[in-house]
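Colleague: Sequence:
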Amino acid sequence: MRWMKLVGCCLTVMAFTACGSDASGDKQGRLALRDGQSLDVAQECGVDLPQCPQSLGCFAFKLDGVTQARCVDEASVCTELVTCTGGTTCATLLSYPGQVTCSGTCTGPDCDESVSSQP
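According to mature numbering (1 follows the signal peptide of the UniProt record, and there is no 0), the sequence shown holds residues -20 to -1, 1 to 99 in order.
Just so you know, the hints here were simulated from the structure itself, not pulled from any lab data.
Straight-line alpha carbon distances no greater than 20 angstroms define the calculated SDA-like cross-link-like pairs of lysine to any residue that follow:
1. 42 <-> 65
2. 42 <-> 66
3. 42 <-> 24
4. 42 <-> 93
5. 42 <-> 22
6. 42 <-> 14
7. 42 <-> 26
8. 42 <-> 90
9. 42 <-> 76
10. 42 <-> 70
11. 42 <-> 59
12. 42 <-> 18
13. 42 <-> 69
14. 42 <-> 56
15. 42 <-> 67
16. 42 <-> 74
17. 42 <-> 60
18. 42 <-> 83
19. 42 <-> 23
All chains should be built: construct the whole structure from the sequences, respecting the hints.
Modeller: Okay, here's the thing in structure tokens:
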């Protein structure tokens, strides 16, 4: 069972990388917690950690350059917990743990270089 989760994670990462953007210099939005939100009390989760309580899902977030996986309410991840910069929109990728990312082309100063546009 554990190897199936590992294969699923690898396929998701490969698909996301392949679909990310072309070499035209697209920028990627950054995830940020909405005002008043925190992940400090959310249970850590992952392949070798305890499962999340029944009403929550395990999602990985990259915030301020640090990736962390936490148990959160899937229905409110993008609507109440996090936001994206530069006109991009929050999206969740199905994997284990699920990936929370910003989708679309980012404009303005609050953007990061796309993975596929880096040498």
